[in-house]
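Undergrad: Here is what each chain is made of, one letter per residue.
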Amino acid sequence: MTGLTKRMRIAERIGLDQEYGFSEIHKILILLALFALLIVIVGVAITFGAYNISVSDVYRIVMAHVMPFGDISSVTKLHNTIVWELRIPRVLLAVTVGTALATAGAVFQGCFRNPLVEPYILGISSGAAFGAAMGIVFSNYLLSIQLSAFIFGSLAVALAYFLARVRKETPIVTLILAGVIIGSVFSAMVSILKYLATDAALREIVFWLMGGFYYATWNDVHLLAPIIIPSFLIMWALGWKLNILSMGDDEARALGVNPEKYKFVLITLATLVTSLAVSAVGIIAWVGLMMPHATRMMLGPDHRYVIPASAMLGGAYLLVCDTMARTLTTAEIPVGIITSILGAPYLFYLLRTRGKAMLG
Amino acid sequence: MLEVRDLHYNYGTFPVLNGVSFDVDEGQLCGLFGPNGCGKTTLFKCCLNFLKSHRGSIRMDGKDVKDLRVEDMAKVVAYVPQEHKPPFPYLSREVVLMGRTPRLNGFFGISREDKMKAADAMDLLGLTELADFPYNQLSGGQRQMVLMARAIAQETPLMFLDEPTSALDFSNQIRIWRIMRLVAERGVTILACSHDPNHVSWFCDKVVVMKENRILKAGSSQNIITEDTMNEIYQDICSVRKIGGIKMVLPKDVTLRDETDGFGIQ
Chain A
67 MTGLTKRMRI AERIGLDQEY GFSEIHKILI LLALFALLIV IVGVAITFGA YNISVSDVYR
127 IVMAHVMPFG DISSVTKLHN TIVWELRIPR VLLAVTVGTA LATAGAVFQG CFRNPLVEPY
187 ILGISSGAAF GAAMGIVFSN YLLSIQLSAF IFGSLAVALA YFLARVRKET PIVTLILAGV
247 IIGSVFSAMV SILKYLATDA ALREIVFWLM GGFYYATWND VHLLAPIIIP SFLIMWALGW
307 KLNILSMGDD EARALGVNPE KYKFVLITLA TLVTSLAVSA VGIIAWVGLM MPHATRMMLG
367 PDHRYVIPAS AMLGGAYLLV CDTMARTLTT AEIPVGIITS ILGAPYLFYL LRTRGKAMLG
Chain B
76 MLEVRDLHYN YGTFPVLNGV SFDVDEGQLC GLFGPNGCGK TTLFKCCLNF LKSHRGSIRM
136 DGKDVKDLRV EDMAKVVAYV PQEHKPPFPY LSREVVLMGR TPRLNGFFGI SREDKMKAAD
196 AMDLLGLTEL ADFPYNQLSG GQRQMVLMAR AIAQETPLMF LDEPTSALDF SNQIRIWRIM
256 RLVAERGVTI LACSHDPNHV SWFCDKVVVM KENRILKAGS SQNIITEDTM NEIYQDICSV
316 RKIGGIKMVL PKDVTLRDET DGFGIQ
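Those protein sequence lines, which keep their order, are chains A and B.
Just so we're aligned: 351 in the numbering used here is position 285 of the first sequence, and the numbers increase by one with no gaps anywhere.
Just so we're aligned: 149 in the numbering used here is position 74 of the second sequence, and the numbers increase by one with no gaps anywhere.
Worth double-checking, as some hints may not be accurate.
[Said to hold, decoys possible] Residues of chain B clear of chain A, computed beta-carbon distances all greater than 12 Å:
# : residue
1 : 138
2 : 286
3 : 301
4 : 310
5 : 325
[To be verified] Derived DSBU-like pairs (lysine-lysine); straight-line CA-CA distance at most 35 Å:
# : chain 1 : residue 1 : chain 2 : residue 2
6 : A       : 234       : B       : 160
7 : A       : 327       : B       : 141
8 : A       : 327       : B       : 150
9 : B       : 141       : A       : 234
[Claimed, not checked] Footprint (simulated), chain B over chain A, 3 or more residues, beta carbon under 8 Å:
#  : stretch
10 : 175-184
11 : 363-370
Bear in mind the hints are in silico, worked out from the structure with no lab data behind them.
The beta carbon of each residue, even a glycine, is placed where N, CA and C say it ideally should be.
Can you build the whole structure from these sequences, using the hints too?
TA: Spelled out as C-alpha cells, the structure:
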C-alpha cells in the first residue's frame with residue numbers, strides 16, 4: 067500500500083514538474099465526459115414518452131429531419147408529430163433552460179462571493195411571477211404571459227441594482243438586501259393578484275409558479291437558444307475574470323480587473339438568461355444552486371471549468387427531471403416539484419459531508 | 076518612483092489625510108509606520124486608486140494615477156492585502172497564478188510562461204509544498220506568504236504591502252523581510268506598512284512616520300527611528316538601546332526593570 071502511494075507520488079511529482087503543476091488535462095477530459103453524458107441523456111430521453119413509439123422509429127424520424135432529402139414516408143404522421151413537434155423541442159428546451167439556470171447560478175455565486183446564492187437572489191423569480199400573474203389575470207390587455215414575465219423579471223433586477231448603487235459602487239451586501247426587498251414587494255403584488263383572480267386564473271398562476279415544460283414548442287427553442295448560447299459563451303470567456311472578482315473588489319482592482327464593469331456585464335448576462343428561462347417555463351428551483359456546487363466538487367472552484375461543467379450538468383439534470391415528470395405517472399408532475407424533491411437531500415448531503423470545506 | 080504631493084482625503088467631513096507628501100526612490104524598501112488609526116490604510120487605498128483623493132497628486136513611475144485605467148494600474152503596482160479568507164477553495168497555485176492576470180491576453184491566455192513565473196514565485200517563498208492545498212484552508216501566515224508570491228508573480232515595478240508580517244511567526248516574519256529586501260535589490264520599489272519599529276529600522280532603507288493624519292517625519296530609517304520619534308507617537312513608553320551595535324526599541328518599563336536588577340543593557 068505504502069509502496070503504491072509512494073510510486074503514485076513520484077509519478078505525480080514528475081507530472082507536476084513537467085507542467086509546473088498546472089496540469090489541466092484531466093479537467094478538460096471531465097468536460098468532454100460531461101458533454102458525452104449530456105448527448106447520451108438527450109438520445110435516451112427522446113425515446114421515452116407516454117405514447118409508445120419504438121426506438122428505431124424515433125431515430126428514423128430524427129434522421130429524416132436532420133439529413134437532407136430525408137424520407138419520412140415510412141413512419142406515420144402521428145408518430146412524426148409526437149417525436150418531432152412534441153418531444154424533441156421539449157427535450158431541447160429542458161437542456162437550454164437547465165444550461166441557462168446553472169450558468170447563471172455559477173456566475174451569481176462568483177460575483178456575490180457566496181456559494182449559497184441562487185440565480186433568483188436579485189428578485190427575478192418574484193418579478194417574473196408578478197409579470198406572469200399580470201399576463202394571466204389581465205390576459206385581455208397584455209400581449210403574452212411570457213413577454214410580461216420576462217419584462218418584470220428583468221425589471222426587478224434592474225430596480226435592485228439601481229437601488230443598491232451608491233456613489234458609483236454597488237456593494238454586494240446592499241445589492242443582496244435590495245434584491246430581497248424588491249423580491250418581497252413583487253411577492254406581495256403576486257398575492258394581491260391571486261386574491262383578485264378568478265378560480266381558473268388562480269389555478270393557472272399556481273401552475274405557472276411550479277414551473278413546467280408542458281407547452282414547449284420549436285418557437286420557444288428558436289427564441290431562447292440564440293440568446294442563451296452566446297450569453298453562455300461570453301460568461302465562459304469571462305471565467306478567469308470571475309475568479310478574480312470572487313476574491314473581492316479591492317483585490318480585483320489591484321489585479322487589473324475593474325470590478326464595477328465586469329460585475330455589471332456578468333450580472334446583466336446572468337439576469338438575461340435567467341429571465342428568459344423563467345419566462346418560458348416558470349420558476350424551477352434548485353438547478354441554479356446545486357449544479358455549480360456539484361461541479362466545484364468535481365473540478366475545483368476555477369470558473370473557467372465551473373461554468374461549462376455546470377451548464378452541461380444543469381442541462382442534463384433538468385432533462386432527467388423533466389423526463390421523469392412526463393413519464394412517471396399518467397398525468398404530468400410539475401418539474402419544479404421533482405427538482406426540489408431530488409435537490410433537497412443532495413444539498414443536505416453536501417452540508418453534512420463537505421459543509422466545512424465548501425462554506426469555510 | 077512614487078511621489079505623493081499634498082494629499083487630502085475626508086470621510087464625510089472627517090479628515091483622514093491632511094496634506095500628506097513623501098517620495099520613495101526606485102529600488103527602495105520604504106516602511107510606513109504609525110499608530111492605529113493614523114490614516115495608513117487610507118493612504119494606501121488612495122495611492123492604489125481604490126479611493127479617489129480629494130486634493131493632491133500621486134505619481135507612480137512618472138504617471139499620475141488618476142489617469143491610469145484599472146488594467147494599466149495593475150501593471151505598475153502590486154498589492155498584498157492583509158490576509159483574508161475567500162469563499163471558494165482555490166488552490167494556492169491558482170491564487171498565485173491570479174497575479175499574472177494583468178499580463179494575460181485573450182480568452183484562455185494563460186501561457187506556459189505565466190505558469191512558470193507563478194511556480195518560480197512560489198519557489199522563491201518556499202511554498203512549493205503548499206501549492207496543491209486549498210488557499211482558504213491554510214493558516215493565516217501561510218495565506219500571507221501566498222499573497223506575497225502572487226505580488227511577485229505580478230512583476231510590477233512597485234509593490235504595496237499592508238502589514239505583510241502581521242500574522243506570521245518569528246521566523247516567517249524575518250523571512251518575509253528578507254524576501255522584501257531581495258525583491259527591492261532587484262529594483263522593485265516597495266512600500267510596506269509595519270507596526271514593528273525594530274523591523275523597520277533593521278530592514279527598511281527609508282521610513283515614513285505618520286501621526287494624526289499627516290506625516291510626522293520621513294527619511295533614512297536609521298535616523299528616524301529614535302527615542303524622540305518613538306515617544307512622540309507612542310506617549311513616552313519607549314527606550315532605544317544599542318545591543319552589540321544594533322539599535323533596539325524596547326518598552327521603557329522593561330529597560331528600567333533590567334537596569335535596577337543590575338542587568339543594564341547599554
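Undergrad: Determine for every hint whether it applies to the structure shown.
TA: Outcome of the hint check:
Annotated as non-interface, residue 138 of chain B keeps its C-beta farther than 12 Å from every C-beta of chain A; the closest such distance is 15 Å. For residue 286 of chain B, the condition that its CB be more than 12 Å from all CB atoms of chain A holds, with the nearest at approximately 25 Å. Taking the minimum C-beta to C-beta distance to chain A, about 34 Å, the non-interface status of residue 301 of chain B holds against the 12 Å cut. Against chain A, the non-interface label of residue 310 of chain B holds: every CB pair exceeds 12 Å, the least being about 32 Å.
Every C-beta of chain A lies more than 12 Å from that of residue 325 of chain B, the closest at about 36 Å, which supports listing it as non-interface. For the hint pairing residue 234 of chain A with residue 160 of chain B, the CA-to-CA distance comes to about 26 Å; that is within 35 Å, so the pair holds. Straight-line distance between C-alpha atoms of residue 327 of chain A and residue 141 of chain B comes to about 18 Å, which keeps the hinted pair within the 35 Å bound. The hinted pair formed by residue 327 of chain A and residue 150 of chain B meets the criterion: a straight-line CA distance of about 18 Å does not exceed 35 Å.
Annotation: proposed proximity of residue 141 of chain B to residue 234 of chain A holds, straight-line Cα distance about 16 Å (limit 35 Å). Note: the stretch 175-184 of chain A has 4 residues with beta-carbon separation from chain B under 8 Å; the three-residue rule is met and the coverage holds. For a cut-off of 8 Å, the count of residues in the stretch 363-370 of chain A with a CB near a CB of chain B stands at 4, and the three-residue condition holds.
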